[in-house]
Amino acid sequence: MSLSELSDEELVVVVREKDKEAYGELIKRYQTKLSHYLRKFINNSAELEDVLQDVFIKAFRNLNSFDTEQKFSSWIFRITHNEAINNIKKRKNERLLLDENEWDVVDEKIDLGRELDGKITGEQVAVALTKLKEKYRDPIVLFFFEEKTYEEISDILKIPVNTVGTFISRGKKHLKDLLKK
Amino acid sequence: MENNLNIENKVMEEIKSGRVKLRSKYIFLAEKLGVGSAFALSIILAILFFTLLLFYLRSSDNLFYLSFGSRGFMAFLDSFPYSLVLISIFCLLVAGFILKKTNLIYKRPFGQMAIFLIIAVILLSTVLAFTRLAERIEQGAFNPNSPGRFFRPFMRGCFEERRGGVVGRTVEVGGDYIIIQTPNGLRQLQLNALEQTSLNEMATGSWVMAVGEGEEGSFSVQLIKRIDVNEMPFVERGVRRHFGQQFLNTSTEFRTPCSMGGCPNR
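Chains as they are written, first to last, in my numbering: chain A, 4 to 184; chain B, 4 to 269.
Calculated from the structure, these hints are not laboratory results.
Beta carbons are placed, not taken as given, at the ideal position from N, Cα and C, and that holds for glycine.
Check each hint, because a few of them may be wrong.
To be verified - A short list of chain A residues far from chain B (calculated; beta carbon distances all over 12 Å):
(1) Glu-12
(2) Lys-23
(3) Lys-31
(4) Gln-34
(5) Lys-61
(6) Arg-64
(7) Thr-133
(8) Glu-137
(9) Tyr-139
(10) Phe-147
(11) Glu-154
(12) Asn-165
(13) Ser-172
(14) Arg-173
(15) Leu-181
Claimed, not checked - When the alpha-carbon atoms are kept at most 27 Å apart in a straight line, the in silico DSS-like pairs for lysine-lysine are as follows:
(16) B/Lys-104 to A/Lys-21
(17) A/Lys-92 to B/Lys-104
(18) B/Lys-19 to A/Lys-23
(19) B/Lys-19 to A/Lys-61
(20) A/Lys-138 to A/Lys-176
Claimed, not checked - So the derived list for chain A, only partly shown, Cβ under 10 Å to chain B, looks like this:
(21) Val-16
(22) Val-17
(23) Val-18
(24) Ser-38
(25) Arg-42
(26) Leu-55
(27) Asn-65
(28) Leu-66
(29) Asn-67
(30) Thr-71
(31) Glu-72
(32) Ala-129
(33) Ile-162
(34) Gly-168
(35) Ile-171
Kindly generate the complete structure, drawing on both the sequences and the hints.
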């Protein structure tokens, strides 16, 4: 069986017990997704690359702490999330970054357009998302832009599943209020 | 694509060179055990101290002072086991802190878990307060070789002399005073300020409870009543512990009034 046919969790077992080089397969699977997520928080490409590298190194170092009964995706996203937050805290004025495709997501999924007069720019949404409290912003970003389920968000952010729904709902309301100003 | 290969290559280079290694699984196991043990210990201590608190309230003189109405309130406050309450709360807070910080049970809302913990501690403590465990701890608190001596500092307030109230076994009845054996020694109760006089009830060997004002060496009684010591086994044990064989003696040894040096333990 080739490495590409193994699940993430099976690959972790292989890396731990047999072949550390199998970790390369995990990097291949996740670098684009994690890079996409980090791009919300880090504008500079070189810096993003450094942070992404740190994420994979940290994940490797702590691989023995991963419970293979859980989803590897949620586990590595948590590490990425924490690194992204640490990076934001270093730069207090850092703003959330959305690309053009994600502006459409805002319109379709978060559904702000109908309630607000005039056109909202992606820039305004990004600024408003940055102003949102972290506890509301993070579930919104993970749900609408990274397409994570409530269960996955619960595992990434270490909050109850019901709370994820509540925070997303309240976050949307606060976002609309911020955009109305 | 090129960037992706770059990251993969850099990370794998670090791994192959040995600069980045897997942390031992035993470190994570030790961390989990440590956190689990700390959590379990704080819960166990919370249960133990709460058990002691309920046991003390159930078997000591503390709540009985309230039967004197507002006069007994100061004695109630004086004899209340504040340290046991504070320690129980502290242990629960530590357990809650560990639960929150380590995300031990993040799937459930923290508030729900906290309420569940508090109810579990109260229920278990209530059950244990009716077993012999608390009594053994109390006895162990006075034994230098017993593990129960760990609890003695926290139970200090339970054994100290009260300013506003007193309870003990009558060993001498005088004209305007009685002498009683208390867990802290002999105490002379002055009855001059007594609001109602019922000295007939204060026979030698009877157990009495009084509220008033304590000063060094004596206690000025405002209200006094005879009690059934079976309702306060904590006090009886304290008196037995203090007086030992003397507890079993009659009042013959104490015929001489204290003012004439007739109180050997004072």
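Against the structure, the hints come out as follows:
Residue placement check: A/Glu-12 keeps its beta carbon more than 12 Å from all beta carbons of chain B (closest about 16 Å). The non-interface label for A/Lys-23 is inconsistent with chain B: the shortest C-beta to C-beta separation is roughly 6 Å, within 12 Å. Its beta-carbon lying about 6 Å from the closest one in chain B, A/Lys-31 breaks the requirement of being farther than 12 Å from that chain. Look at A/Gln-34: its CB is around 5 Å from the nearest CB on chain B, not clear of 12 Å, so calling it non-interface is violated.
Not every Cβ of chain B is farther than 12 Å from the Cβ of A/Lys-61; the closest lies at roughly 9 Å, contradicting the non-interface assignment. At the 12 Å boundary, the C-beta of A/Arg-64 falls inside the reach of chain B, the nearest C-beta of that chain being 5 Å off. With a least CB separation of 26 Å from chain B, A/Thr-133 remains clear of the 12 Å interface cut-off, as annotated. Interface exclusion of A/Glu-137 from chain B stands, the closest Cβ pair being 16 Å apart, more than 12 Å.
Even its closest Cβ contact with chain B, about 17 Å, leaves A/Tyr-139 beyond 12 Å, as expected for a residue assigned away from the interface. For A/Phe-147, the shortest C-beta to C-beta distance to chain B comes to about 22 Å, beyond the 12 Å cut-off, and the non-interface label holds. For A/Glu-154, the condition that its CB be more than 12 Å from all CB atoms of chain B is violated, with the nearest at approximately 10 Å. Taking the minimum C-beta to C-beta distance to chain B, about 7 Å, the non-interface status of A/Asn-165 is violated against the 12 Å cut.
Every CB of chain B lies more than 12 Å from the CB of A/Ser-172, the least distance being 16 Å, so the non-interface label holds. At roughly 15 Å, the least C-beta separation between A/Arg-173 and chain B is larger than 12 Å, which holds for a residue marked as non-interface. For A/Leu-181, the non-interface assignment is confirmed: its Cβ lies about 27 Å from the closest Cβ of chain B, beyond the 12 Å cut-off. Among the hinted pairs, B/Lys-104 with A/Lys-21 is inconsistent with the structure: their alpha-carbon atoms are about 34 Å apart, more than 27 Å.
Between A/Lys-92 and B/Lys-104 the CA atoms are separated by roughly 20 Å; this keeps the pair inside 27 Å, and the hint holds. Straight-line distance between C-alpha atoms of B/Lys-19 and A/Lys-23 comes to about 8 Å, which keeps the hinted pair within the 27 Å bound. Taking the CA atoms of B/Lys-19 and A/Lys-61, the gap is about 15 Å. The hint holds against a cut of 27 Å. Between A/Lys-138 and A/Lys-176 the alpha-carbon distance is near 14 Å, which keeps this suggested pair within the 27 Å criterion.
Against a cut-off of 10 Å between C-beta atoms, the interface hint on A/Val-16 is violated, since the closest Cβ of chain B lies about 12 Å away. For A/Val-17, the suggested interface contact is broken, since its CB lies about 13 Å from the closest CB of chain B, more than 10 Å. With 10 Å as the threshold, the beta carbon of A/Val-18 comes within range of chain B, its nearest partner Cβ sitting at about 8 Å, so the hint holds. This hint holds: A/Ser-38 has a C-beta 8 Å from the nearest C-beta of chain B, less than the 10 Å allowed.
Interface restraint check: A/Arg-42 against chain B, minimum CB-CB distance 12 Å, threshold 10 Å, status violated. This hint holds: A/Leu-55 has a C-beta 6 Å from the nearest C-beta of chain B, less than the 10 Å allowed. At a threshold of 10 Å, the smallest CB-CB gap from A/Asn-65 to chain B is about 6 Å, leaving the interface hint in force. Taking 10 Å as the C-beta cut-off, the interface hint given for A/Leu-66 holds, the closest approach to chain B being about 6 Å.
Residue-level restraint check for A/Asn-67 holds (minimum Cβ-Cβ distance to chain B is 4 Å; threshold 10 Å). The beta carbon of A/Thr-71 comes no nearer than 12 Å to any beta carbon in chain B, farther than 10 Å, and the hint placing it at the interface is violated. Contact between A/Glu-72 and chain B, as hinted, is not supported at the beta carbon level, the nearest pair being about 14 Å apart and thus beyond 10 Å. The interface hint given for A/Ala-129 is violated, since its Cβ lies 23 Å from the closest Cβ of chain B, which is over the 10 Å cut-off.
Of the supplied interface hints, the one on A/Ile-162 holds, with its beta-carbon coming within about 6 Å of a beta-carbon of chain B, less than 10 Å. Of the supplied interface hints, the one on A/Gly-168 is violated, with its beta-carbon coming no nearer than about 12 Å to a beta-carbon of chain B, more than 10 Å. Interface restraint check: A/Ile-171 against chain B, minimum CB-CB distance 16 Å, threshold 10 Å, status violated.
Hints 2, 3, 4, 5, 6, 11, 12, 16, 21, 22, 25, 30, 31, 32, 34, 35 from the earlier list are contradicted by this structure; the remaining hints agree with it.
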